[in-house]
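Protein chains in written order, with the numbering used here: chain A, 1 to 140; chain B, 1001 to 1286.
Calculated from the structure, these hints are not laboratory results.
Here a beta-carbon is modelled for each residue, glycine too, at the ideal position from N, C-alpha and C.
Any given hint could be a false lead.
As the list claims (entries may be wrong) - Coverage of chain A stretches by chain B, computed from C-beta distances (three or more under 8 Å per stretch; other residues unrestricted): (1) 4-11; (2) 14-27; (3) 30-36; (4) 48-57; (5) 65-73; (6) 100-114.
Stated by the list, open to error - Cβ pair distances, simulated, as ranges: (7) B/Gln1006 - A/Lys20: 20 to 30 Å; (8) B/Pro1070 - A/Ala100: 16 to 26 Å; (9) A/Gly118 - B/Gln1006: 25 to 35 Å; (10) B/Gln1193 - A/Lys20: 33 to 43 Å; (11) A/Ala100 - B/Ala1281: 22 to 32 Å.
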Amino acid sequence: MTPTPRILYCHCAYAQIVPKEVKEAVLKKLCESNAAFDAVADLCEMSARRDPALKRLAEGGAVKIAACYPRAVKWLFHAAHADLAAEATEVLNMRVQSAAEVSAALFHPDLKPNLPAGKTAPPPASESPENEAREEMTNA
Amino acid sequence: MSLKDQTTLRIVLYEGSGAQPLSTGDRFTAVSTLLEKGFALTCVGGAGRVAGADGTSLLVLGRFDGGRTPQVEDANGAVPIRFQDIDGIDTHGVMDLVESVRAEAKAAKHGEWKPWFPVIDYDRCTNCMQCLSFCLFGVYGVDEQQHIQVQNNDNCKTNCPACSRVCPEAAIMFPKYKAGPINGDAVSDADLQREKMKVDISALLGGDIYSLLRERSEKAKSRFSKERDSSKALQERQKCLTKLAQAGDIPPEVLMSLPSPEEIVRRAEEAKAKAQAALLAANRTS
Ligand code: SF4
Ligand code: SF4
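Input sequences plus hints: build the corresponding full structure.
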């Protein structure tokens, strides 16, 4: 049997971008649930300080993260050298989802991985904007 | 001390065997207050898995039976663990205790800096170095493989998303920005077209901001030398900066904090040279 996914809650403490009523309602549900969980004040701040705690939070198998946009969360962890496993991570977005949706997904036993997929194929060399830009810059 | 050199403290709210559970209300108050103060914590008591231990100092809070805190230590001596009985202590008291342990452990004091910095989406990034060339504050750099990197997050100017406008691939996010795709929302084709158009604006803000400022400064200087009216020169600069702020939704206070026009030119040249060197090195290795 696959173990129940871990829960990680981000409080987005240093900005008012996650609606207060949503994050409070989600945290309340977690506190009422009697479930074990990890909670962080602000994933952005941890990423900026390259906090090694992000490694411990990324490792250890399936995880559901209540935070913001999956693309932002993916690269915040990456910036701290703590890549999340794409097949084992589900990010719930408290900026756009309701507290009820986020809570229901957090407590649902199934994991729905939703990190953005990586690059499928690099652009052909001749069309690569990288090369164009390089040319521009080196010719400057 | 740089942001990246500070240690942190992990708090564990323990309600398992050998400890009494908190009421739901007390648990919520304690958890939300600790989070507001910037701490990372783990709630253990009910079912479920949590992140494993690493070398981070642990402070374990609980209402321990008979007020007896467990005598536990890490066999390897790698993890400093401290237990604290919080039975009968109100939230303020708990916070004071946590704060004194934090200070003693010389762990980071959170909340002194708003985490505002660029985050690169490497699925989109083409390593073109436009961002490195644009930023005047040394936020960007390259790694050993000459890949673009955000190196000095805390040099970034709070609430300024200017470099995300420069990126032709919409690869630069500011997760705390108000709107997509800069906030991390998915990038649509329409966004990409818009972002590409914004490069023109950024040309104004990037390349031309310097010449514009220089021009304004020259004019202001010549007027200054004639009129000896410093407030007029300043007014002139303010007018120019306000215009730029309106064009690119850059906070006026950020523009006002820019260094002198001469210094801007010097830094811009330095950044451009850094970007060119990185591109040349990347070309050599590819
Ligand atoms: S990851 Fe998202 S929710 Fe968490 S602090 Fe950053 S912006 Fe806020
Ligand atoms: S401007 Fe964008 S695509 Fe170019 S190096 Fe910077 S992040 Fe990458």
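Honestly, which of those hints from before does the structure not fit?
-> 6, 8 and 11
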